[in-house]
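Enquirer: Listed below, chain by chain, are the residues.
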Amino acid sequence: MTQDLSFWTLQTLNALQLSMLLFLLSIGLTVIFGLMHFVNLAHGALYALGAYIAASIAGTAGFWVAILAAPIGVALVGVVLYGGLIQRMRKSGPMAQVLVTFGLIFALLDLTRILWGDLALAIATPAALSGQVELLGVSYPAYRLFIILLGAAIFGALALVLARTQIGAMIRAGVDNDAMAACLGINVERLFFVVFCVGCALAGLAGAVAAPLLSVTPGMGLQILIPTLIVIVIGGLGSLKGAIAGSLIYGFVQTFGAVLAPQLASVLIYALLAAVLVIKPVGLFPAKG
Amino acid sequence: MKRANLATLAAATTLALPAAALADEVDIGVLLPFSGVYAALGNEIEAGFALGLETYGNDLDVEIILHREDTEVTPATGLARTRKLILQDDVDAIVGVVSSGVLGAVRDMVDGAGVPLIVANAGNDAATGAECSPWITRVSFSNSQVNRPMGRWMAEQGIETVYTLAPDYAAGRQMIEGFTGAFTEAGGTIIGSDYTPFQQTQDFGPYIAQAQASGADALFVFYAGGEAISFVNQYASFGAAEDLPLYGSGFLTSQLYVDAQGASAEGVVTALHYVPTIDNPENASFVAAFREAMGRVPSEYAVQGYDAARALVEALETGARDRETLGAALRQVSFDGPRGALSIDPATNNVVQPIYVYETVQGANGMTQTVLAQLPAEADPVNGCVMPSLPTN
Chain A
1 MTQDLSFWTL QTLNALQLSM LLFLLSIGLT VIFGLMHFVN LAHGALYALG AYIAASIAGT
61 AGFWVAILAA PIGVALVGVV LYGGLIQRMR KSGPMAQVLV TFGLIFALLD LTRILWGDLA
121 LAIATPAALS GQVELLGVSY PAYRLFIILL GAAIFGALAL VLARTQIGAM IRAGVDNDAM
181 AACLGINVER LFFVVFCVGC ALAGLAGAVA APLLSVTPGM GLQILIPTLI VIVIGGLGSL
241 KGAIAGSLIY GFVQTFGAVL APQLASVLIY ALLAAVLVIK PVGLFPAKG
Chain B
1 MKRANLATLA AATTLALPAA ALADEVDIGV LLPFSGVYAA LGNEIEAGFA LGLETYGNDL
61 DVEIILHRED TEVTPATGLA RTRKLILQDD VDAIVGVVSS GVLGAVRDMV DGAGVPLIVA
121 NAGNDAATGA ECSPWITRVS FSNSQVNRPM GRWMAEQGIE TVYTLAPDYA AGRQMIEGFT
181 GAFTEAGGTI IGSDYTPFQQ TQDFGPYIAQ AQASGADALF VFYAGGEAIS FVNQYASFGA
241 AEDLPLYGSG FLTSQLYVDA QGASAEGVVT ALHYVPTIDN PENASFVAAF REAMGRVPSE
301 YAVQGYDAAR ALVEALETGA RDRETLGAAL RQVSFDGPRG ALSIDPATNN VVQPIYVYET
361 VQGANGMTQT VLAQLPAEAD PVNGCVMPSL PTN
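Here the protein sequences line up with chains A and B, keeping their order.
The numbering used here applies: residue 1 is where the first sequence begins, and numbers increase by one.
The numbering used here applies: residue 1 is where the second sequence begins, and numbers increase by one.
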């Protein structure tokens with residue numbers, strides 16, 4: 001290996017970019033799980049839905065409208081899901097929840113196929129973000145930089161809301177002990193509902209952001225689900241810190257694994273997952289110590 | 001409209017109409033994925049097949065009854081559906097098979113039962129190599145066939161060093177090995193090669209950066225489907241085209257995906273057995289007819305279905321009506337189609353066809369292709385195929 005510093009800078013940026021994309025997805029899933037003790041495997045399908053909504057809108061109204069409309073659209077689907085299914089399944093135990101939401105993946109997958117067809121779609125990178133940016137001595141695609149900054153901004157905003165606002169304190173209380181929180185006069189059900197919708201909106205945002213980078217195919221939700229679950233298991237359930245740590249670990253292991261040990265690239269992350277499960281089964285930063 | 005005819009035919013079979021009024025009929029199984037990751041390919045092949053039957057099959061004095069089955073791109077399902085076609089529907093021949101995995105699963109079934117199978121996609125080299133069968137005739141392509149001539153052609157263009165990338169599964173490896181063998185034989189050097197985890201790789205950035213850092217003259221890749229779109233878009237976003245031009249197996253910039261790739265695909269040079277801009281009269285009428293039926297330009301998958309229908313019609317025209325005679329006749333078909341002169345290699349039952357090197361360019365209505373070179377047709381090496389001289393059973 002004779003690569004110079006700029007090569008490693010480039011790969012670090014690649015790793016950050018992948019991490020941030022996964023962060024947008026995993027934060028929604030992990031908070032829903034932490035707060036509601038609800039396993040929503042259909043989260044990946046909502047991400048695909050976000051990408052499809054963005055792809056349909058971007059063609060006529062442009063990328064920036066699409067990136068706003070996709071989270072809203074997916075959040076509305078989330079409202080319907082919550083009212084129709086999730087609320088009823090709240091008390092029915094993890095096995096039934098996993099089965100129902102797993103079935104939901106295929107229902108939503110076929111729905112996207114019926115509505116948008118089997119052919120892959122794509123969104124062109126917006127003009128303002130096409131091309132490369134000179135940064136730290138390397139020339140890096142502007143759109144990837146945008147993903148990194150967007151991920152960091154969302155992380156900052158969520159950290160601020162959770163740590164400094166009243167609703168953040170209520171969510172933390174709910175994650176910690178929902179029965180006690182309810183006794184203190186917090187409407188936990190309504191809190192759940194809001195968090196669920198925000199989680200869905202973030203999944204939709206991740207889909208819209210990923211669309212110009214990847215391709216929009218019916219199977220994309222299923223493909224992203226496993227990495228997202230790995231991030232959550234490594235990071236620990238229910239915490240913002242866990243989601244960002246898990247995402248960064250996944251992004252860096254995947255990227256540098258591909259560079260340094262390509263034969264092991266697909267195995268490395270699973271080996272790490274197994275190690276975390278053996279050494280610290282609750283993950284690195286679980287919400288409940 | 002054209003799809004409706006096929007549906008009517010299929011419906012007719014389920015109603016089991018008495019066929020007393022008809023002089024002759026053959027039962028044909030259509031075995032394609034209509035759901036799962038390759039559903040788009042299954043639909044494209046079926047559309048081409050329906051158009052082929054309509055174009056060439058009108059003057060036949062035999063009615064073709066189609067039995068449509070969905071493989072779901074799962075070997076076990078593919079085998080179950082094949083069994084149903086052979087044992088229950090009693091078909092005289094089967095057309096289809098997109099995935100090499102499904103082909104591997106049904107191979108022994110069709111070979112043992114002695115049912116002719118026209119392969120309309122699956123490119124696994126072994127299917128017309130060590131695992132060849134007199135009953136299996138492939139009119140699509142083989143993985144190495146598409147890439148071998150490209151290795152020689154790139155060496156002739158003065159490209160000395162190449163970095164290769166492909167997904168880590170059988171087809172990915174066969175495509176790259178076909179290219180690498182011919183390229184190194186012609187004096188080129190492969191200075192680096194990566195296989196990316198198949199359908200698990202979202203970010204090709206690390207691999208592209210690695211290839212750029214290798215200092216190779218060119219990058220040669222094989223990707224298909226969603227991965228092809230992601231790869232081409234990400235390659236373009238890195239602005240690597242100047243120091244590391246992108247070449248590849250033609251599936252990378254297939255007509256089916258090129259609209260989704262858009263300007264990112266501009267200037268990519270690849271090789272394939274078919275592009276819609278091949279200049280010959282058969283292709284001109286095929287593209288016009290397909291456009292009228294489907295409202296878009298046909299891809300290589302559509303032409304494979306179209307030529308599969310034509311091969312079937314040619315076999316029927318020789319008077320073949322049952323499994324034995326159809327099997328024997330299919331091995332001898334040859335015609336000038338949209339892809340140019342096509343014939344079946346008697347040693348392996350694989351198609352012999354020219355390969356086209358093409359560049360993806362900006363056209364008046366979206367992306368289109370400019371054919372840079374037509375490379376002469378050559379039969380695949382026998383690869384361990386021992387073909388019984390005549391179908392026995």
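One thing to keep in mind: the hints can contain errors.
Unchecked claim - Partner residues aside, some chain A positions facing chain B, computed with beta carbon under 8 Å:
no., residue
1, 92
2, 125
3, 126
4, 144
5, 177
6, 262
Calculated from the structure, these hints are not laboratory results.
Ideal placement from N, C-alpha and C gives every residue a C-beta, glycine not left out.
Enquirer: A separate judgement is required for each hint: does it hold in the structure or not?
Expert: Checked hints:
| no. | hint | result |
| --- | --- | --- |
| 1 | 92 | violated (29 Å) |
| 2 | 125 | holds (7 Å) |
| 3 | 126 | violated (12 Å) |
| 4 | 144 | holds (7 Å) |
| 5 | 177 | violated (37 Å) |
| 6 | 262 | holds (5 Å) |
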